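Top line first, the protein sequences correspond to chains F and W.
When we follow this note's numbering, the leftmost residue of the first sequence carries the number 48, and every step to the right adds one.
When we follow this note's numbering, the leftmost residue of the second sequence carries the number 24, and every step to the right adds one.
These are calculated hints, taken from the structure and not from any lab test.
Just so it is clear, the structure is predicted and the values come from calculations on it, not from any experiment.
A virtual CB, placed ideally from N, CA and C, is assigned to each residue, including glycine.
Please note that a few of the clues may not be correct.
Stated by the list, open to error - One side of the interface only, derived from the structure: several residues of chain F facing chain W at Cβ under 7 angstroms:
no.	residue
1	Phe74
2	Trp94
3	Ala108
4	Gly149
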Amino acid sequence: DVQLVESGGGLVQPGGSLRLSCAASGFTFSGYEMGWVRQAPGKGLEWVSYIGSSGSNIYYADSVKGRFTISRDNAENSLFLQMKSLRAEDTAVYYCVRDSLGSVYDHWGQGTLVTVSS
Amino acid sequence: IQMTQSPSSLSASVGGRVTITCRASQSIGNYLNWYQQRPGKVPRLLIYAASLHHNGVPSRFSGSGSGTEFTLTISSLQPEDFATYYCQQSHSSPFTFGGGTKVDIK
Chain F
48 DVQLVESGGG LVQPGGSLRL SCAASGFTFS GYEMGWVRQA PGKGLEWVSY
98 IGSSGSNIYY ADSVKGRFTI SRDNAENSLF LQMKSLRAED TAVYYCVRDS
148 LGSVYDHWGQ GTLVTVSS
Chain W
24 IQMTQSPSSL SASVGGRVTI TCRASQSIGN YLNWYQQRPG KVPRLLIYAA
74 SLHHNGVPSR FSGSGSGTEF TLTISSLQPE DFATYYCQQS HSSPFTFGGG
124 TKVDIK
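Taking the hints into account, I'd like the entire structure generated from these sequences.
Next comes the structure, spelled out in structure tokens:
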């Protein structure tokens, strides 16, 4: 079975940094594009970032561009999101998603909560 | 590309028919996907490419549309269908979601 397990969330002060990880299993990780989607408490879904299967193509939402960096390690079946200069509005559950057909997200992790607060 | 869903919420009865609309601010062909999120749960893919069912999705869910206007229809609402539904465009980055439509029990 496909599994995506996020980790690395927590409480961080405004301006701080955090690195999220997503451990993938049950499929050939290197063959899939991946991404991150977030959801602020009580709010809707917000697309955050995309990375191609080899890591060569990367896109970001305008709201995180220049502050977040997506990366992957295909040898370790892992996806990452390095977040810096965090703001209160970045508070959300961050989902790791598998991209099956060109930004169609057929599998989602359970999510990891990031809280930005002093 | 902005994605606008309507209505933002609706009440319906078990067995009833529900239609949710999603409009794109520019043409996206059929690059439109629908997700369901039950309360406290992770979103799951229902429909992709405007009208194709993801694995295991019941046939009471159907999607249609192209260009800028799309609909998700639930033909006979079941108790497990009370949830929030999101559309998402996969035409071009940023791959935006609609604001969601919450379906609750009348």
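Okay, which hints does this one fail, numbers in order? 1
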